[in-house]
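Just need the whole structure built from these sequences, with the hints factored in.
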Amino acid sequence: LALTLAFLMAIVVIPPASKKASAAYAMMRQTDTKWHSVYVNGGSLAGTGCGIFSLVNAVGYLTGNQMDVEAVARWGHSIGSFNVAYGGDGTYRTSFYHRASDKYGAAYGFVLDCDTSKEGYWDGAYSTKLKNHLANGGAAIAHVYNHFIALVGYNASNNTFHVWDSAPRDTRGTLASGGDLWVTENYLRTQQYMTIDWFCLASSTKSRAAFSFLKA
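With my numbering applied, the sequence shown has no gaps in its numbers, which climb one by one up to 229 at the end.
I should point out that these hints are in silico values taken from the structure, not numbers from a laboratory.
Source: prediction; values computed, not measured.
For glycine and all other residues, C-beta sits at the position ideal for the given N, C-alpha and C.
Please note: incorrect hints may appear among the correct ones.
Pair ranges (Cβ atoms, derived) [said to hold, decoys possible]:
1. E83 to N172: 16 to 26 Å
2. K142 to N54: 26 to 36 Å
3. N149 to D183: 26 to 36 Å
4. S170 to Y99: 45 to 55 Å
5. S170 to K142: 13 to 23 Å
6. E83 to N199: 34 to 44 Å
Below, a list of computed lysine-lysine pairs in the BS3-like style, where the Cα atoms sit at most 27 Å apart [claimed, not checked]:
7. K219 to K116
8. K144 to K219
9. K116 to K47
10. K142 to K131
11. K219 to K142
12. K116 to K142
13. K219 to K131
14. K131 to K116
15. K131 to K144
In structure tokens, the structure reads:
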């Protein structure tokens, strides 16, 4: 127990007061019971939806509004970018995110920067581009070992990142916090199941007040 507590204390820090999500939006978790019975092409959203939830959480953090998870997942499947193989194989990052930005960005007031290739940045937590984007109020969808997470803040004073993990796991060190935690750059560079190797940047194009017509 003492070792476990020491481990958690080493990776989690108190978030700065200036970096809080909108009160209108609560981080969504694919581990919630309702998603276990929602299937897209044979795969449950609980088991295969991390790429979808990471997008929805990043947009929700930026705009305060919640996208329709199931609708986004089924649209992703319809374009051959989500759960293409029977049984569910998750999100095809190089084809899904830039197309999701084109599909939903105008309605929800966001844009995704997935590099000029539109396939995402093949880079890690050490990226100055990623740090600057988060420090200036942006969010990101990032890939770690066989999983996607949302990044919703960066604190330059202690070089830490605010992580939203829609499927909290002990193996990633995110279970105790319910998937909402701050971790060091070193953690995102060295921890086997949390090493960032790819990301897309998410930005808001409208103020939260502009979304009153959308259902939360």
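These are the hints, each one checked on the structure:
1. Range check, E83 to N172: about 37 Å between beta-carbon atoms, so the 16 to 26 Å window is missed.
2. Our hint of 26 to 36 Å for K142 and N54 holds, since their Cβ atoms are close to 34 Å apart.
3. In this structure the hint that N149 and D183 lie 26 to 36 Å apart at CB holds, the actual value being about 33 Å.
4. Checked against the hint of 45 to 55 Å, the C-beta distance between S170 and Y99 comes to roughly 48 Å, which is consistent with it.
5. For the pair S170 and K142, the beta carbons lie near 19 Å from each other, so the given range of 13 to 23 Å is met.
6. Taking the beta carbon of each, E83 and N199 are about 37 Å apart, inside 34 to 44 Å as hinted.
7. Note on K219 and K116: the hinted pairing holds, with a Cα-Cα distance of about 16 Å set against a maximum of 27 Å.
8. The straight-line distance between the Cα atoms of K144 and K219 is roughly 22 Å, inside the 27 Å bound, and the hint therefore holds.
9. Using a Cα cut-off of 27 Å, the hinted pair K116 and K47 holds, with the two alpha carbons roughly 26 Å apart.
10. Taking the CA atoms of K142 and K131, the gap is near 16 Å; set against the 27 Å cutoff, the hint holds.
11. Restraint check for K219 and K142: the C-alpha separation of about 22 Å stays at or below 27 Å, so the hint holds.
12. Restraint check: the Cα-Cα separation between K116 and K142 comes to about 25 Å, which is no more than 27 Å; the hinted pair holds.
13. At roughly 22 Å between alpha-carbon atoms, K219 and K131 fall within 27 Å of each other, so this suggested pair holds.
14. Proximity of K131 to K116 is assessed by CA-CA distance (about 14 Å); at most 27 Å being required, the pair is judged to hold.
15. The suggested pairing of K131 with K144 holds, with an alpha-carbon distance near 20 Å, which does not exceed 27 Å.
Checked against the numbered hints above, the structure breaks only hint 1 and satisfies the rest.
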